Each structure stands twice: as C-alpha cells, then as structure tokens.
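J.: Keeping the supplied structure of chain A fixed, place chain B upon it in accordance with the hints.
Here the protein sequences come in this chain order: A and B.
39 is the number that this note's numbering gives to position 39 of the first sequence; each next residue is one higher, with no gaps.
Going from the second sequence to this note's numbering is simple: count from 1 and add 1000.
One should not assume that every hint holds.
[To be verified] Facing chain A, from chain B, some residues (calculated, C-beta under 8 Å):
1. Lys-1103
2. Ala-1250
3. Ala-1267
4. Gly-1268
5. Lys-1272
Hints listed in this document are in silico derivations from the structure and should not be mistaken for laboratory results.
Since the structure is predicted, the reported quantities are computational estimates derived from the model, not experimental observations.
Virtual Cβ for every residue (Gly too), placed ideally from N, Cα, C.
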Amino acid sequence: MRLRLAPELRGVAFALVLLVAVSAVAASGTLRGSALLSMLPFAAMLTIAAIGQTLVVQHGGLDLSVAGVISLAAAIVTKGSQSLAGGLAVALLLVLVAALAIGLCNGLLVARLGITPLIATLGTNAVLTGVVLTVTDGVPSAAPQALAEIALERTVGVPNTVIAALIVIAVVAALLRWSVLGRRHVAVGVSVPAARHAGVRVSTYRVAPYVAAALCFALAGVLIAGFQQSPGVAVGNDYLIPTVAVVVLAGTPLTGGRASVLATVLAALFLTQLDQLVLALGAPTATQYLIQGAVIAVGVAAREMSFLQNLGRRWWAALRRAGRQRPSTPQSPTTTSSRQ
Amino acid sequence: MSHEMRRTRPGRRRMPLRVIAALLTLVALAFAAGCGSSDGDDAATGGAATGSGDARTQAAATPDGDAPAVGSPDDFVSIADVCGDEPITVGVADGYGANSWRKISRAEIEEEAGRCDAIEEVIYTDAQGSTQKAISDINGLVSQGADAIVVLPDAGPALIPAMRAAMRAGVKVSLLPADIGGKLGQDYVTAVYDSPESNGRTWAEWMVKVLRGRGDVVFLGGTPGNPASPLEAAGVREVFDRNPGMRLIAGPVDTNWDVAQTQRVMAGLLTKHPRIDGVISDYGGSTIGALRAFEAAGRPLVPIATNDFNELGCEWTARDGRDGRFELATVSSRPWLVRPALRHAVAAAAGKEDPEPSVIELPLFEDSTSSDARLAVQCDRALPPDAILSSQLDEAAMSKLFGG
Chain A
1 MRLRLAPELR
11 GVAFALVLLV
21 AVSAVAASGT
31 LRGSALLSML
41 PFAAMLTIAA
51 IGQTLVVQHG
61 GLDLSVAGVI
71 SLAAAIVTKG
81 SQSLAGGLAV
91 ALLLVLVAAL
101 AIGLCNGLLV
111 ARLGITPLIA
121 TLGTNAVLTG
131 VVLTVTDGVP
141 SAAPQALAEI
151 ALERTVGVPN
161 TVIAALIVIA
171 VVAALLRWSV
181 LGRRHVAVGV
191 SVPAARHAGV
201 RVSTYRVAPY
211 VAAALCFALA
221 GVLIAGFQQS
231 PGVAVGNDYL
241 IPTVAVVVLA
251 GTPLTGGRAS
261 VLATVLAALF
271 LTQLDQLVLA
281 LGAPTATQYL
291 IQGAVIAVGV
301 AAREMSFLQN
311 LGRRWWAALR
321 RAGRQRPSTP
331 QSPTTTSSRQ
Chain B
1001 MSHEMRRTRP
1011 GRRRMPLRVI
1021 AALLTLVALA
1031 FAAGCGSSDG
1041 DDAATGGAAT
1051 GSGDARTQAA
1061 ATPDGDAPAV
1071 GSPDDFVSIA
1081 DVCGDEPITV
1091 GVADGYGANS
1101 WRKISRAEIE
1111 EEAGRCDAIE
1121 EVIYTDAQGS
1131 TQKAISDING
1141 LVSQGADAIV
1151 VLPDAGPALI
1161 PAMRAAMRAG
1171 VKVSLLPADI
1181 GGKLGQDYVT
1191 AVYDSPESNG
1201 RTWAEWMVKV
1211 LRGRGDVVFL
1221 GGTPGNPASP
1231 LEAAGVREVF
1241 DRNPGMRLIA
1251 GPVDTNWDVA
1261 QTQRVMAGLL
1271 TKHPRIDGVI
1281 SDYGGSTIGA
1291 LRAFEAAGRP
1301 LVPIATNDFN
1311 ELGCEWTARD
1321 GRDGRFELAT
1331 VSSRPWLVRP
1341 ALRHAVAAAA
1351 GKEDPEPSVI
1361 ELPLFEDSTS
1371 SDARLAVQCD
1381 RALPPDAILS
1391 SQLDEAAMSK
1401 LFGG
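If we strip away everything but chain A, and leave its shape as in the complex, we get:
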C-alpha cells in the first residue's frame, strides 16, 4: 500500500516522524502513555491558537493580539465567574462577545482602514494588556471548579483539551475544504484581485479571519485558564511566538495563500514534543533554546530543500565555469567526464 500525503503535509510530517524516532532513541520515556498524556494538552491548546493564526496568515496577515486575547479570555473567565451574577455561563458569554468585538476591530482596522496587520494587532494587543490589568487589578483569580475539571479531566482516556482541539480542527478543516465560505476564504487569500473578479465580497472575507482567529484564541484562553487553574495576568504571552512558529513550520507562507489545518496540527505536535524531549534530556536552559532554535531552523530549511538543491546546482555550475577559465588548474578527468 502506498501512503499518499498531500504535498503541504510532507515536510512537517517528515519532521514529526524524525522527531519521534529521535525521541524513541534519546528519551524513550517521552513516548510512554503517561508522558504523552501530559504533553498532549499543551499541544492541544497550542493547536487551537495556531489554527486561528493560520487563518489570518492565509490572508497575508499576522495576529499579534493572540497574547492579549488569551490573557483576556483567561482573566474574564476566572474573575468573571467569581464576581458576575451568572457565574461561569455568563463569563463564557462575555468571553465570546469580547472575542467577537476584538476580532471585528482587528479585521476592520486591517481591511477597511488599510493598516498593516502587524501594527494594527500589536496596538490591539497593547490595549488588551491594559484591559486585563484593569479587569484583574493585577491579581490572578482561581478558575471555577467546573472549568478546571473540564480542562483537566479525560473522557474515555482522552484529555478533554484534546477533544476540544479535535472539534476545532474538524470544524475548520471541513469549512475550508467543503464549504463555499471556506473556498472563498482561500480564494481571497491567494489573490484579492482574482477573488474580486470572481465576484467574492472581498471586504467581508478579509475581516472574517480575524474574527475566527479571536474566537480560537479565546477558546484557547478559556482552556488554559481551566488547565492552569490560576493563570497569571500575562499568561497569553507564552503563546505569541509559538503560534507564529507553528504556522511557519506548517509550511504556510507568511505572504498568504494556501494552508493546511492538518499541517498546523502536526507542527503544533512537533513543537510541543520537541519541548518535552529537550526537557526530558535534562539539558540546561541555554542548550534547550539552542536545540529548539536549531531544530526549527532545520525544519524550515528542509521545506526549502528544492531551493537548496537549486542553489547547489548553480554553485556547482559557477565553480565549473571558473575552472574552465583557468585551464592551468589541474582537474580530475573523472569528475569532468561524469559531469558532462
């Protein structure tokens, strides 16, 4: 049987398989059931946030408000559950409203006012950080018991955070692949003028990813709050760079265009397992960062393999030309003959 993988999945799938193989040799303990069960929730929460980021990057954008939205969602769901009359349910509703508002704000800033996504979302993030400090007074609150249980418990052996991630993956992947909505989203991401000529209401489709992303971030924030039980006021900051790293590792070009939700999932798994492997090896922090940085660099470089091959061929050709210019240079006849 021949395994057929979509081309955009090959790079990251290869990297993940390689990482698992290295894990098996270097620290087989990280592949034991219990170790995987403690790794998976982290991967699940990163996946949910990274899927949001993927949707924005597909349109050539970048959502830096991911840190602020996660922190805010965590703050509202912890503080709100304690101080609001309706408890957890009202707090969750408030998170939903806040996420929609933030996403809409980001989207309108980018699509309508034409502000560079980097700047617009950075600004939103700063505002959100202020809001979080105002809401919490700088003091973290405990997550309601019900939420903590949901986030920490398992259903039929599967951590609930993973189930939440699977639902998000399924919904987003299905929408992108089979719905008109998703197809238009992709079309706008590939080329705005082409989509406009095809009759797509481009402006709406340029705002929507930011709203969807904010919803993903907010869901991640709620789960993180439950998982950590008393999340710090800057809990989202830990997700800012990793979400972008995941998107890039997944092979989504930062200039926008096609992306694969499944590749994002694999990349999130890769990054989390890499973290866990390096920690299990017991390397000092400096070495951990060096290894993580190097592996991601290699991972991305591997995707550029064809480019590297190209480069090698050119350099080889240039070298040979230089060689021909200087006939005095001794040349092995076998090399020349095999090359010609």
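T.: Just chain B now, with coordinates in the frame of chain A:
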C-alpha cells in the same frame, strides 16, 4: 577576468536576495523558537506570573565592607524603638505593583508606618515593570521631599545611580527583598533579604527528616541566570552532603517560576528519573505545576518543600486525609520584609541605630508532618490564589485588601 565577472553577475544578483531572505527567515525563526517557545515574555514572567519571584532574582552577594547582620524574625524590634521625633515623609518605590505579594507588601508597610507618629506621609509609586519609570520614581520621591525611601528594586543594578543620588541628597534608602550589588552606606543604608542558603538548608533538613535520611530529590529553581536559585541549591547540597543517603539528582532546574513551565519541566524530570522521592522548589506558586505533572504521569505525590502560597495550601488541604495526599513544608514568602526595611530607613533618617538583622534566616512556616498547630498548612479560599498567608496583616486587613 572583468568580462567573466560581468557575465556571471546577473545570475548572482538574484541569488543573494533569495539567500538573504532564506537566511533571515532561519535566523529569525531560530531566535523566535529560542525565546518564545517556553520562556515567553521576560518582564511579564518576572513581574506578574511569579509573584514574589521577581524581586528574588537579585539576591546577590553581600555588599562590600562589614558583613550584614544575620538573624531570625525573632530579633525584630518595634518601630516605636527606632521612630524619631522630627516629622518625616516616607517614599515607597515599587518596581512592579500588580500582584498579590506587592499588594500585601504595600498594606504591610502602610500599617507599619501608621505605628510611627513621626511618619507624616507615605508616598507610594509603582514603576509598572519599567526601568525608566523606576528611576524617575526614585528621583521624584526625592524631589517630593521624602526623608526615607524603601525600594523594591525589580529593575536591578540600573537603579543604583538613582539611589546613590538620593543618598547624596541626604535621603535614607533601604531595599528589599534582595541586594542588587550596590555599595552599603553609599548607595543605600540597608538591604533586607532572606538568606537563600538558609532557605535551602531549611528545606533540605525537613526533606532529610521526612524521607528518613534516604532519597532522591530534585530542586526546581527560577529563571535562567537568577542568582538566588544556585545559592539555595548550595544550601540544599550542604545538608545532603552530611546525609549520605540523600541525593540531589537534578537542580536547580529552570522553571521561570511559571506554573505551566514547571509542569513541563517536572514531566521531563519524571521521564528521565524513574525514582524521585522529594521536590524542593523555591516558588510555591509554580509548584502546583509539579503536582499536576506527578498526577498526569500517574505517579504518587512526594513530599514538597517550598515557600507559602495560598493555592498550594489549598491543594494540600483538598487532598488531606485522602488517597494521594502529600507532605508539605514551607518557609514564609515574607511579604512582611518591607517592615524591617522601613524600620532601617526610618532609624537612619532619625539618626538612630537599628539593631535588627538585615539578612533573615526564615524558619518553617508550615509543616504538614508536625503536630504543632502553629505549623498547620493554611488555605483561605476567600482570598486570591496567590495570596500569602504568612503575611503579618490580620485576617480583617487581608480580606479588606482583597475586597472581601
């Protein structure tokens, strides 16, 4: 030759652009992955997430000159003994005010100041994590006429020039809960802090007792490069060296004093070491992550020695008397350290001698193995999870502080 160069140029001109672009991506990513994946935002981790952890990053060596007096909280004096007759203004320069430890500290210093009639006013400033604002806060307090300033130096040695200028202007400066390497007498009158080595010894001695002299222990430290964790680890080793059955098998392991990171780090340690009999951690708040890792790995909980933190006490209480309970010992997270710091500054401003120690050796605050009721593990669910119950504020003051 020149012809050859010109000929190859067009091809080359396109190449460097792509090469540079690719290299830049790689470098940026390498950098991003290094900084981002687990360490997050330094300032925020130091300030918000770690609670009292931030200021302990600077527990540096003792200042030049005479060694500071070492003692226990029993040696403290009353502020009435050092309070002068001339009216004075006190400034409090906080580097980062937005967590429960700082809120409690502020309430403690205001309560302490209230007991000295000479103190007319306490001016509080919050630098909100900004080094620049921290410096201008100290300058501002001097120009507002403060006679004594208590500094919580989150910004580290960058504050020394401002403190020196204040001292030159005749203002008495004291710091806590760490020394930042300035010169005693020139940059400040006293640096008040708890001895990290002593904390390490206290935790280790308890661990020896509870493990009956035999066991493998890990030590969870803070941010990479913080000076406190290695000193604490040295204290732990000192005790373990005297007890051949005890081994420190890892540590200080960096956790960034962060719950989520501690959970990951502990999961890694559990994978690496099939046997871990005890955990020593220098921040109670992040130690909850270690509990989670044990539970996620399906391993029984082990004795934990750390410093006090409301949520940790509540985690202990929730498991007390059930399967999966664990032994817990803590030293105080000492938010009351502002009180001796204030007394030292006030005494200096009044031209009096403060006989109190400035380096404090903390005794155990909680000990779940002890039958002494004063060492019972504490939990108050009405207070925030990061509240510090070893505060010297009474219950009424605490619940008022947190709006209860």
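J.: Would you mind marking each hint as holding or not holding in the structure?
T.: Evaluation of the provided hints:
no.: 1; hint: Lys-1103; in the structure: holds, 7 Å
no.: 2; hint: Ala-1250; in the structure: holds, 6 Å
no.: 3; hint: Ala-1267; in the structure: holds, 5 Å
no.: 4; hint: Gly-1268; in the structure: holds, 3 Å
no.: 5; hint: Lys-1272; in the structure: holds, 5 Å
Violation of the numbered hints given earlier is absent; every hint is satisfied by the structure.
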